[in-house]
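Generate the whole structure from the sequences, applying the supplied hints.
There are 2 protein chains.
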Amino acid sequence: MKRIAFLVIAAAAVAGFISSTAPASGHADGATAPIFGITIPPGYRDWKLISVAHEAGNNNDIRAILGNDTAITAYREEKLPFPDGTIIARLAWSYVPSEENNKVFGQAQSFVAGSPINLQLMVKDSKKYTATGGWGFAQFKDGKPADEALLKTCFPCHEPAKTRDFVFTRYSPSP
Amino acid sequence: MKRIAFLVIAAAAVAGFISSTAPASGHADGATAPIFGITIPPGYRDWKLISVAHEAGNNNDIRAILGNDTAITAYREEKLPFPDGTIIARLAWSYVPSEENNKVFGQAQSFVAGSPINLQLMVKDSKKYTATGGWGFAQFKDGKPADEALLKTCFPCHEPAKTRDFVFTRYSPSP
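So the protein sequences, as listed, match chains A and B.
Each residue of the first sequence is one higher than the one before, counting from 1 in the working numbering.
Each residue of the second sequence is one higher than the one before, counting from 1 in the working numbering.
The hints are simulated quantities; they were obtained by calculation from the structure and are not laboratory data.
Possibly wrong hints are sitting among the right ones.
[Said to hold, decoys possible] Here are the in silico distance ranges between beta carbons for each label pair:
#1 R170(A) / Q107(B): 40 to 46 angstroms
#2 G30(A) / G30(B): 42 to 48 angstroms
#3 T32(A) / G30(B): 46 to 52 angstroms
Fair warning: this is a prediction, and the values are worked out from it, not measured in the lab.
Glycine residues also receive a C-beta, built at the ideal position from the N, C-alpha and C atoms.
Have a look at this one:
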């Protein structure tokens with residue numbers, strides 16, 4: 001029994017799913033998103049950074065794009081298509097001006113991450129998700145998955161990025 | 001000799017300094033920044049995410065703030081002051097509109113990270129950096145450190161955040 005527990009832990013660690021500070025590293029309440037059957041990967045908040053972005057308009061968010069180890073390796077080695085097991089996580093927060101920072105800069109110029117908006121995931125499984133380019137899509141807010149109608153809009157939006165395996169975000173070189 | 005090598009590697013791994021993909025995980029050419037004697041910590045690009053921000057004005061950047069394990073633990077446990085050994089890294093990229101993304105959204109709303117601007121570091125050592133609140137400051141561009149004159153401006157700017165141990169960035173809760 002001990003050996004089985006060890007193997008499970010070891011396998012999870014290899015998959016990058018173990019966090020030394022699990023409670024703070026992301027929701028993981030076990031809820032499963034519709035259509036693609038995706039759950040929140042434990043410890044996703046500890047994943048490495050791919051890039052950052054700001055969406056104005058209706059989104060009005062500031063976001064970080066993180067990847068599990070499979071994703072990061074593929075990005076750094078510029079390997080396309082992304083291999084099965086790749087997970088890309090997009091974390092969005094409200095886009096808020098920082099009065100505190102503006103005071104220091106002496107002008108209104110600073111925008112920071114406010115309250116969490118939602119988490120989006122792209123999960124690569126070329127056999128399971130053949131109808132959607134090999135990708136499963138999910139969105140969670142406070143640990144609760146978005147409905148089927150919303151998830152049906154994901155792949156059509158990602159189709160213009162077909163030459164980059166349907167992934168818009170590029171890996172940002174290190175400064 | 002083998003044992004010494006192992007100890008060095010183990011110590012580096014504990015410090016979070018080992019990257020499985022070192023070449024892509026950040027400049028580390030050994031240049032030392034003036035005043036505080038700080039070098040670029042190898043593997044900083046692999047550190048966990050604290051938050052993201054956008055600075056308009058002269059900066060015109062989009063940025064990610066990452067922390068080594070000591071920093072992340074202190075943030076999550078809401079421990080102040082940050083313990084010695086804390087390193088906070090601010091990675092900035094040029095703030096550029098994404099025509100590609102805008103097409104998908106059907107309007108101009110998307111801003112992404114362009115070319116790397118620079119890397120800034122805050123390193124906590126309460127004994128070494130007593131004159132500057134226990135923090136050493138550094139800035140690197142393409143692996144080259146900024147000069148003394150620039151680094152002298154860091155601490156005065158951070159003083160308004162004294163109640164948060166001179167650190168402006170707050171930890172962003174996981175969506």
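- Message: Given the hint of 42 to 48 angstroms, is the C-beta distance from G30(A) to G30(B) inside that range or not?
- Response: Holds, since G30(A) and G30(B) (Cβ atoms, about 47 angstroms apart) stay within the stated range.
- Can the suggested window of 46 to 52 angstroms be confirmed for the beta-carbon pair T32(A) and G30(B)? Between T32(A) and G30(B), where Cβ atoms are some 49 angstroms apart, the hint holds.
- Message: Please check whether R170(A) and Q107(B) have a Cβ separation lying inside 40 to 46 angstroms.
- Response: 21 angstroms, violated
Of the numbered hints listed earlier, the single one contradicted by the structure is hint 1.
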